[in-house]
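Enquirer: Chain by chain, the residues:
Number of protein chains: 2
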Amino acid sequence: MSVFTPVTDADLAAWLKNYAIGRLDDLQGISAGVQNSNFFVTTSLGRYVLTLFETMPRAELPFFLHLMAHLARHGLPVPAPIANRDNEYLGTLSGKPAVLVTRLAGRSVMEPGTAHCSRIGAMLAGLHLAGMSFGRKQGNARGAEWRQDCAARVRSHLPDDERAELDAEIAFQAGFDLRRLPQGVVHADLFRDNVLWDGDFIGGVIDFYFAGVDALLFDVAVTVNDWCAGADGQLDTARVAALLAGYAEARPFTAAERAAWPAVLRAAALRFWLSRLEDFHQPRAGEMVLVKDPGEYRRILRLRVEAGGLPALPL
Amino acid sequence: MSVFTPVTDADLAAWLKNYAIGRLDDLQGISAGVQNSNFFVTTSLGRYVLTLFETMPRAELPFFLHLMAHLARHGLPVPAPIANRDNEYLGTLSGKPAVLVTRLAGRSVMEPGTAHCSRIGAMLAGLHLAGMSFGRKQGNARGAEWRQDCAARVRSHLPDDERAELDAEIAFQAGFDLRRLPQGVVHADLFRDNVLWDGDFIGGVIDFYFAGVDALLFDVAVTVNDWCAGADGQLDTARVAALLAGYAEARPFTAAERAAWPAVLRAAALRFWLSRLEDFHQPRAGEMVLVKDPGEYRRILRLRVEAGGLPALPL
Chain A
4 MSVFTPVTDA
14 DLAAWLKNYA
24 IGRLDDLQGI
34 SAGVQNSNFF
44 VTTSLGRYVL
54 TLFETMPRAE
64 LPFFLHLMAH
74 LARHGLPVPA
84 PIANRDNEYL
94 GTLSGKPAVL
104 VTRLAGRSVM
114 EPGTAHCSRI
124 GAMLAGLHLA
134 GMSFGRKQGN
144 ARGAEWRQDC
154 AARVRSHLPD
164 DERAELDAEI
174 AFQAGFDLRR
184 LPQGVVHADL
194 FRDNVLWDGD
204 FIGGVIDFYF
214 AGVDALLFDV
224 AVTVNDWCAG
234 ADGQLDTARV
244 AALLAGYAEA
254 RPFTAAERAA
264 WPAVLRAAAL
274 RFWLSRLEDF
284 HQPRAGEMVL
294 VKDPGEYRRI
304 LRLRVEAGGL
314 PALPL
Chain B
4 MSVFTPVTDA
14 DLAAWLKNYA
24 IGRLDDLQGI
34 SAGVQNSNFF
44 VTTSLGRYVL
54 TLFETMPRAE
64 LPFFLHLMAH
74 LARHGLPVPA
84 PIANRDNEYL
94 GTLSGKPAVL
104 VTRLAGRSVM
114 EPGTAHCSRI
124 GAMLAGLHLA
134 GMSFGRKQGN
144 ARGAEWRQDC
154 AARVRSHLPD
164 DERAELDAEI
174 AFQAGFDLRR
184 LPQGVVHADL
194 FRDNVLWDGD
204 FIGGVIDFYF
214 AGVDALLFDV
224 AVTVNDWCAG
234 ADGQLDTARV
244 AALLAGYAEA
254 RPFTAAERAA
264 WPAVLRAAAL
274 RFWLSRLEDF
284 HQPRAGEMVL
294 VKDPGEYRRI
304 LRLRVEAGGL
314 PALPL
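Protein chains in written order, with this note's numbering: chain A, 4 to 318; chain B, 4 to 318.
Just so you know, these hints were derived from the structure itself, not from any lab. Beta carbons: idealized from backbone N, C-alpha and C, even for Gly. The reader is advised that the hints may include incorrect statements.
[What the hints assert, rightly or not] List time: in silico SDA-like cross-link candidates among lysine to any residue, alpha-carbon distance up to 25 Å:
#1 A/K20 x B/K20
#2 A/K20 x B/A16
#3 B/K99 x B/S159
#4 A/K99 x A/M135
#5 B/K20 x A/R156
[Claimed, not checked] Here are a few chain B residues that face chain A, going by a calculated C-beta distance under 7 Å:
#6 G78
#7 N90
#8 L93
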C-alpha cells in the first residue's frame with residue numbers, strides 16, 4: 004500500500020479551490036510506489052494524480068517538478084505538474100508537500116522485446132536532449148560520492164566474500180571519473196516499472212524523484228541493465244543493440260563514452276546493489292521501503308565485470 | 004481542405020531535429036480549419052499537431068501560444084505548444100510561422116445535452132480562472148471597436164431593412180461599455196466544433212486564435228449562443244441553466260454582470276453576424292474562408308433582442 008497519509012474528500016475539495024480544474028468528483032488511493040502517497044483524482048475537468056511527499060526534503064522538490072514541467076513542455080510524455088491559481092506547483096495538503104500532476108495512459112511491460120528497447124533508447128535520448136535547455140541544477144543523489152559513502156555504511160554488515168567484492172568495485176570505480184563524460188540531467192531510475200506503454204507508444208515515463216545532473220551514459224547504463232537483461236541478469240545482445248541504436252540515432256555516443264562504457268555499466272549496477280544493501284541492512288526509521296533483493300544487482304555487477312562491457316556502444 | 008502550404012516528409016524530418024521528440028514516422032494533412040494549415044505528426048515518441056499560420060501576423064502569435072501553454076500548465080485540456088531545443092515554441096517551416104502542439108483526444112458533439120453544457124460552463128470558468136495569472140495582454144481582435152469598424156465596412160452592402168437593423172444594434176451597443184464588467188482572457192470562439200469530447204470528459208478545447216482580453220461575460224455569451232440554441236436560434240432554457248450553473252459554481256457572476264447580461268448576449272450575437280457579413284460581402288484577397296450564413300446570427304441577434312436576455316444569470 005502506498006497511502007501513508009490519508010486525504011479526505013472534504014480536505015481535497017477545499018484544496019482544489021486553489022486550482023482551475025473544476026469540482027472534485029472522485030478520489031482513490033493508489034497502491035504503488037514506495038516513497039510517497041499517491042491518489043487518482045477526478046474532477047469535472049480532468050483526471051490527475053495527487054502525490055504527497057512523505058520523506059523527501061521540500062527544498063529538493065522544485066528541481067524535480069520544474070524538470071517534469073520542462074520535459075512535458077518539450078513534448079515528452081511525463082507527468083506535468085499542475086500550477087495552482089498562484090502559478091505554483093508545490094502546495095501543502097494534510098501537512099505534507101503535495102503536487103497534482105497529469106495522469107498518463109498505459110501499463111508497464113515487464114518482458115520487453117527489441118521494439119520496446121529501441122523506443123526506450125529513443126525516449127532516453129529525448130529526455131537527455133530536452134534536459135540540455137533546463138536551467139536548474141541538482142546533483143545525482145545516488146552519484147559517485149553517495150556510492151562511496153554508502154559502501155562505507157553497509158560493508159560491515161556483509162560476509163567476507165561479499166565485502167571483498169564490494170571493496171574491489173569501489174576501488175575500481177575510485178580510479179574512474181564519470182565527470183569526464185558528457186553531463187546532463189539523468190532520470191537515473193528508468194526501470195521497466197517506471198514506463199507506461201499505450202499500445203506501441205510510450206504513454207508515460209514516471210518517477211523523476213531520483214533525477215539529477217550526472218554523466219548521460221550513466222542513465223543509459225541503468226536503463227540497459229534493467230531493460231536488456233534476462234531474469235539471470237545476462238544481457239540480451241539484440242535488445243542492447245536495439246536500445247543503443249535507438250538512443251544513438253538522436254544523440255550519437257562520443258569516443259570517450261565508448262571507452263568508458265564497461266566501467267559505467269558497472270557503476271550503474273553498483274548503485275542499485277548498494278541501495279538495496281542499505282535498504283536491507285539499514286532501513287531508516289520512519290521510512291517505508293519495499294525491500295528488494297540485493298543479490299540480483301550483485302549478480303548483475305559480477306556479470307558486467309566478467310563481460311567487460313560487451314556488447315559495445317555503436318560507432 | 005486545410006492544407007494551403009505543403010510540407011514534405013524530408014523538410015519536416017529535418018525541422019524535427021530542432022526538437023527532442025524523436026524521429027518522424029508519419030505526416031498527414033488535416034482537412035479542418037479555415038485559417039491555418041494543419042497536419043497530424045507522428046514521431047517515435049508521440050503524436051502531435053503541426054500548424055502553419057497562413058495569414059496571422061507573426062507578432063500576434065506568441066500571445067496565443069503562451070496562453071495555451073499557460074492553460075495547459077494549469078491542468079486544462081488545451082493543445083500545449085511544444086518547445087524546441089532552444090526553448091522556443093514558434094519556428095518557421097515552408098516559409099510560414101509554424102508550431103507543434105500536443106494532439107488531444109476526442110470528437111465534437113454537435114447536439115449537446117444539459118450534461119455537456121454543465122461541463123462546458125465549468126470548463127469556461129476554469130479557462131477564465133487560470134487566465135487570471137497569465138501575464139501577457141492582447142486585446143480581443145473582434146472586440147467593441149472592431150464591431151463598430153466592421154459595421155461601417157459592411158453596411159453599404161446590405162438591403163435597407165438589414166442595414167437599419169444593424170445600425171440600431173450598433174447604436175444600442177455604443178451606449179454600453181463592456182469594460183465596466185470583470186475583464187480577463189477570453190477564448191471568444193468556444194463553439195461546439197472547438198471542443199473535443201472523450202466520453203463524458205472534455206478531451207480538448209482548441210483554436211485559441213481569437214483569444215484576447217475582454218469582458219469574461221462576453222465569452223459566456225458567445226458560448227451560450229452556440230451551445231444552448233436550437234437550429235432556429237432559440238435558447239433552450241434547461242441547457243442555458245446548466246451551462247450558467249456550471250460556470251457560476253467556479254466563478255459566481257457579479258451584480259453588474261447580471262444587469263448587463265441581455266446586452267452582452269446581443270453583443271456576442273452581433274460579433275458573429277458581423278464577421279459572417281464581412282466574409283460574405285468582402286472576402287479578403289488571398290484568404291481562404293469557409294463562408295458561413297450571416298442570416299443565422301442575424302436571427303440569433305433578433306431573438307436575443309426580443310427575449311430581453313432571458314433566461315437570466317443565476318444569483
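Enquirer: Name the hints, by number, that the structure is in violation of.
Expert: Per hint list: 1, 2, 3, 4, 5, 8 violated.
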